[in-house]
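Use the sequences and the hints to build the structure in full.
Numbering follows the numbering used here, with no gaps: position 49 of the sequence shown is 140.
No lab work stands behind these hints, which were simulated from the structure alone.
Mixed in with the good hints there might be a few duds.
Stated by the list, open to error - Here are the simulated DSBU-like cross-link-like pairs (lysine-lysine), alpha carbons at most 30 Å apart as the crow flies: (1) Lys194 / Lys115; (2) Lys172 / Lys115; (3) Lys172 / Lys114; (4) Lys194 / Lys114; (5) Lys194 / Lys172.
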Amino acid sequence: MSTTTLQPYSIREVDLSDLSLLKKVQHTVKNKSLLHMPFLLLAQNESIAAFSLATVSEDNNLTVEICYGTDVPEELSNVFKHRAQTYFEQQLLTMFGSEESLKRGIRHFHDWVNPNGNSKLA
Numbered sequence: 092m093s094t095t096t097l098q099p100y101s102i103r104e105v106d107l108s109d110l111s112l113l114k115k116v117q118h119t120v121k122n123k124s125l126l127h128m129p130f131l132l133l134a135q136n137e138s139i140a141a142f143s144l145a146t147v148s149e150d151n152n153l154t155v156e157i158c159y160g161t162d163v164p165e166e167l168s169n170v171f172k173h174r175a176q177t178y179f180e181q182q183l184l185t186m187f188g189s190e191e192s193l194k195r196g197i198r199h200f201h202d203w204v205n206p207n208g209n210s211k212l213a
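Right under this line is the structure:
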């Protein structure tokens, strides 16, 4: 009887060292024309299984988007979605102080990472 060992997953905040890895899986973002700022990762070893983005929608509303870099078990995906939404509501909004401040922060982040469509970090 063979056993398959799964590598453990971890959920953590995004830091600057993750940005080059995120650039590689950025193709999974649904609407690239919107402004995004990644804030939480689901990592397995040194790879990104999923990440969450604070997004300014076309109608200037804040939303949370989840993107997957690999196949993630449904139960784990649900846990990550819940953690991302909770982190967004309880920590990210609190950290910025208001929705408008967070929107400005997302715009600044987007401009910093993608000046004229070219990343300074890649």
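Item to complete: For the pair supplied as a hint, lysine 194 and lysine 115, confirm whether the alpha-carbon distance does not exceed 30 Å.
Response: holds, 24 Å
Discussion item. Can you confirm whether the C-alpha distance between lysine 194 and lysine 172 stays at or below 30 Å?
Written reply: Distance ~21 Å between lysine 194 and lysine 172 Cα, so the pair holds.
Item to complete: Mind checking the alpha carbons of lysine 172 and lysine 115 for me, to see if they're no more than 30 Å apart?
Response: With Cα atoms ~21 Å apart, lysine 172 and lysine 115 stay inside 30 Å; holds.
Discussion item. Does lysine 114 sit within 30 Å of lysine 194, going by the straight-line distance between their CA atoms?
Written reply: holds, 21 Å
Worksheet item: Is the Cα-Cα distance between lysine 172 and lysine 114 30 Å or less?
Response: holds, 21 Å
Of the numbered hints listed earlier, not one is contradicted by the structure.
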